[in-house]
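Undergrad: Next come the chains, spelled out residue by residue.
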Amino acid sequence: MTREENDLVTRVGPGTPMGTLMRQYWVPALLSSELPKPDCDPVRVMLLGEKLIAFRDSLGRVGLIQNHCPHRGASLFFGRNGDCGIRCVYHGWQFDIHGNCIDMPNEPNESDFKRKVKALAYPCVERGGLVWAYLGPRAELPPLPDIEVNQLPEGECAIVPTMLECNWLQAVEGEIDTSHSGFLHFGSIQPDDVAEGTFLHYTVKDRAPRYSVVDTDYGVMYGAYRPARPGYTYWRIAQFMFPFFTQTPEGILGHHVITNAWVPMDDYHTMAFIMIRKDPREQAWPGRHPIQGNADKYPTVQTPVLPNTSEWFGRFVSAVNATNDYGLDRARQRNGTDYSGIPYLPAQDRAMQESMGSIYDRTQEHLAVSDVMVIRVRRRLLAAARALAERQVVPPGVDCPAVYRNRSGSIILPEGADWIQATKELRQAFTDHPEVLLQQP
Amino acid sequence: MTREENDLVTRVGPGTPMGTLMRQYWVPALLSSELPKPDCDPVRVMLLGEKLIAFRDSLGRVGLIQNHCPHRGASLFFGRNGDCGIRCVYHGWQFDIHGNCIDMPNEPNESDFKRKVKALAYPCVERGGLVWAYLGPRAELPPLPDIEVNQLPEGECAIVPTMLECNWLQAVEGEIDTSHSGFLHFGSIQPDDVAEGTFLHYTVKDRAPRYSVVDTDYGVMYGAYRPARPGYTYWRIAQFMFPFFTQTPEGILGHHVITNAWVPMDDYHTMAFIMIRKDPREQAWPGRHPIQGNADKYPTVQTPVLPNTSEWFGRFVSAVNATNDYGLDRARQRNGTDYSGIPYLPAQDRAMQESMGSIYDRTQEHLAVSDVMVIRVRRRLLAAARALAERQVVPPGVDCPAVYRNRSGSIILPEGADWIQATKELRQAFTDHPEVLLQQP
Amino acid sequence: MTREENDLVTRVGPGTPMGTLMRQYWVPALLSSELPKPDCDPVRVMLLGEKLIAFRDSLGRVGLIQNHCPHRGASLFFGRNGDCGIRCVYHGWQFDIHGNCIDMPNEPNESDFKRKVKALAYPCVERGGLVWAYLGPRAELPPLPDIEVNQLPEGECAIVPTMLECNWLQAVEGEIDTSHSGFLHFGSIQPDDVAEGTFLHYTVKDRAPRYSVVDTDYGVMYGAYRPARPGYTYWRIAQFMFPFFTQTPEGILGHHVITNAWVPMDDYHTMAFIMIRKDPREQAWPGRHPIQGNADKYPTVQTPVLPNTSEWFGRFVSAVNATNDYGLDRARQRNGTDYSGIPYLPAQDRAMQESMGSIYDRTQEHLAVSDVMVIRVRRRLLAAARALAERQVVPPGVDCPAVYRNRSGSIILPEGADWIQATKELRQAFTDHPEVLLQQP
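Residue numbers (full-length UniProt numbering), protein chains in the order written: chain A, 1 to 441; chain B, 1 to 441; chain C, 1 to 441.
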């Protein structure tokens, strides 16, 4: 990758090619629960390099408005939220969720200046616990993507937000890199530690899977495969969906419902929203962490989170971070309790992604067979950003919400089976599946 | 305002047009009390982007000398102050308040190198508790400005210093913006909360005053007016005086003596010196905060200050600052105790000024009728800086100390009166006034 | 000095002229004791502007390898050290001390990609408690310099490491500047405080010595001289040795064995390694601090050190530093306990060197007679860097380890003696000296 390509694919501020690409899509901005009720406290939100203030108005609608009051620039974070708008406390100018100035009480009655003043405000909609925002140019808004986990009935989806101190693409690349699981996460687990017949048994028995990668209408899909019991192949199937969504191959294909959003706050910070269907059956599945024979060897899935502050990067900061080397414990690393010595699974990923630096210099890397998915996703991103910039080509999925109806997961197929054909139905979201057998053939 | 104008009007380092303008004037550098006695500890002073060391010599004279020893650059902050000079502890070179090297003990006796070495040192004078410095080019020093509050007999003037973390112009603009008082400071107060006939009653009864702005020989003056009782008009009269002084309209015109200096430490930090005449009668005046019926609704005027440190920006830092959102209390904001939820009046101002960012991007603003004073002051500053840079025009007031003899304040005049004529005598500083009636007509 | 020369002589990153010069030499990278045993924890090392990971492999050999894994850039600091290599925990790639990729377990067995991947790794050797690294271009390594103190039998050399927050040249210049001792360190000591006949007596009796400076094959040597008892001269003899070594004149010439390395971590941080022969006889010598009549007047030689952290600049940070003004105690300064008020000798030096700023702007200085050694060393550095850049001239000492065989120290010679001839033998390292008389003639 050239330095120019690296810049192009990573930078997302206003006016950049990748920033313009992302602004074609709805983007998750914050949790609905961060604005718990009408007229509650505003929240500082950094999104795609823009400083914004989120608020919920008296009717319960969410507004996402420029930080600086259009008048003389005081922060609207200090604003009074009420009467269907946020009111700057400097001179009392009030704005509704559309950015209209609906009151300008320090001006003479006869003035109509307030009609000429408009704050930058982005349309927001809420679904499944997320506030989605549209920072793009269209007057007629595009549809929300048909992401299954985000459309589950209330209470069926868990969302885990975490702030990452690195560029969004490092986070995405970490997610679509299935190869690292057998090392970073499960490198200490030996085949004998895990019951024969489980996914994890095959994962740790062969840590160098092969890959099949295909371009799709929503982005890129891969199947990583290795031998299962004689005559069968173990497949891990996962997706990258434009512009920054990933679906992971953990869990049973057809049963597992997960989508992760890696939303750029700016070029150097990323807000991760892990969205997963709560599924008691999956928890009990013997091939998945953390329920295994030797539970000590499995990294903890939940990391402690620091209390939110009102700083721009003060939301959902992990207590396990670069300042404490992610809890690195060399004794655990040495004695094999953890391969990495980092006892929290998500922190293992962050340690890798953040230690690359704020924006990794990809001119220095050496990509291998296992990076075929990473390579393909970069190509698609670059191609889409260039096509939009040069030929105004609408990027994948913007006008086709249905392409997001995908599931990821693991499955065991007969050797030689066409994985794409064989899994077509199980990868389809929003269908009523018959009961899936928990013990795969 | 264009980006170029914004840069020109805000930046004050050596060689910048506005920095050159400010260097035509005497500028308040620190408090006399920061150097309490001869040969006391030196103080780090950042002024107009220059790192300086202030010290009081054995004769009680104040020196303001370059931070880096002219020899090899060690900081003179560590210097030994005594024997009528500050002595670098590296090699013992000693400098007097004029910057002369008066001892060079590590050189051979026959050397006269010390006559060739001169430290940058700025002339200082003390008056009214302030140390004034002249950082300009003239060998024959200009006169000090005739600022009344700074010439009161000892003990009659209170000086409140505070460090602001933003560009000086944001502070000045906040001060000359009388419109915000009715919102940021008194937005929670209703007319019925305040006795009829008081200034504050009219202020909160009509929060959209009209403005009359006039250019003067010292800068700009405004009168903001709104109806008082029938047949009368309530006037708030205040001044901007070159290059960064303001006088506020609180208090009774003719009685109220106040001047505020907003001294640039560098482009991103400002030292405010609020200088006000201690006046027991004024405190009792029923039209002024904080003595009112419902005292709970008045913001606290004094903010707690952190202990000084010896860092460059470690003097007079408010404990109520950006790191704690200026003590923002959403419950107080919501229940109307404070309009802003910030319980300290000066912190309310700083929250607005600092939240604009270090240097606000004025290309983004939307100025209204109430900003007419702000607009005029900018124009005068830009014009003066350009006239100096392009045609060597001496800026307003430099050679005319008497133009600073002004008072600001509030007054109630008959409807239709010419405010400038009617207040001419009351606005004149240094006169012996007859007793002013505390209850205005 | 011009700004260009100042940049040229101070900056040491890859590709800079001075950085290229330094890369011709072996440089001390860390202490052997920082890697106490085979397969111990890796250490982050910043060296000449490069982020590196030091580790000791299973055979006890030290590796110094690029921080970012050549694969996708995760930090090798988190790596598993064992089996004769460091293994990235992201995908298990393992590298030996030569940078060879010796295992790539996530690739298919048939892949030979690992032969194509090589990490940047610098050769290291250990001697006398130091790990030396060679960051230069030669395939055939140059010899280590014959620095005596680094070749003493185990246990006879003490190494004191300290991190300095300034450019390396400020540290070097502080060391070769013998003039400051009589002020910064001993300015409070009067001749009567010290026994007649001791070195220190003469030092404080005449604080403006003369200088004789000579270019040598290893760098520059000076002799600073002043009167001793009638008919004799007190000489302080010290060296600068390419590229950043100094030897100090404290102690008895012929007896005193010391070399200090001022190793650039980057342009703004320096790691000092003070290497000194432990010598019980020297401690008792009455002419040296700290054993004197009035012990209170001598600054403490050891400063407290903060616990190491795993940050890039987290090793050997003094607890007495800029954040606390180096323990400055104005009362001690004022009452003459310490000339500087800083009670620790090394902190006195750091206060001067660091307060010049990260990289001092040498266009502002005024060099005097006492700076003749500083001037000469700069010239030699500039000349050597330019000769290398322009004419590929191998810099002094690179191929001639024997030129480093020097001792520094103090001596009293008959008036008019040729100091160079008279001290030739005593300055020679590695010789068996007859017993040196502790009381000089």
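No lab work stands behind these hints: they were computed from the structure. It cannot be assumed that every hint is accurate.
Which copy is meant is left open, so a pair is good if it fits within one copy or across any two.
[Unchecked claim] Straight-line Cα separation of at most 20 angstroms, EDC-like style, residue types lysine to aspartate or glutamate; simulated pairs: (1) Lys-424 <-> Asp-39; (2) Lys-278 <-> Asp-206; (3) Lys-205 <-> Glu-126; (4) Lys-278 <-> Asp-146; (5) Lys-114 <-> Glu-365.
Predicted model only: the values in this text are computed from it and were never measured.
Undergrad: Under a CA distance limit of 20 angstroms, which applies to Lys-424 and Asp-39: within one copy, between copies, both, or neither?
TA: neither (46 angstroms within a copy, 49 angstroms between copies)
Undergrad: Within a copy, between copies, both or neither: where do Lys-278 and Asp-146 come within 20 angstroms Cα-Cα?
TA: For Lys-278 and Asp-146, the Cα distance is within 20 angstroms only inside one copy (19 angstroms; across copies 68 angstroms).
Undergrad: At most 20 angstroms between C-alpha atoms: does Lys-278 with Asp-206 qualify within a copy, between copies, both, or neither?
TA: neither (30 angstroms within a copy, 57 angstroms between copies)
Undergrad: Taking 20 angstroms as the upper bound on the Cα-Cα distance, should Lys-205 and Glu-126 be classified as within, between, both, or neither?
TA: Answer is neither: 43 angstroms inside a copy and 41 angstroms across each miss the 20 angstroms cutoff.
Undergrad: My question is about Lys-114 and Glu-365: at a cut-off of 20 angstroms on alpha-carbon distance, are they close within one copy, between copies, both, or neither?
TA: between (54 angstroms within a copy, 13 angstroms between copies)
In this structure, the hints that do not hold are numbers 1, 2, 3, in rising order.
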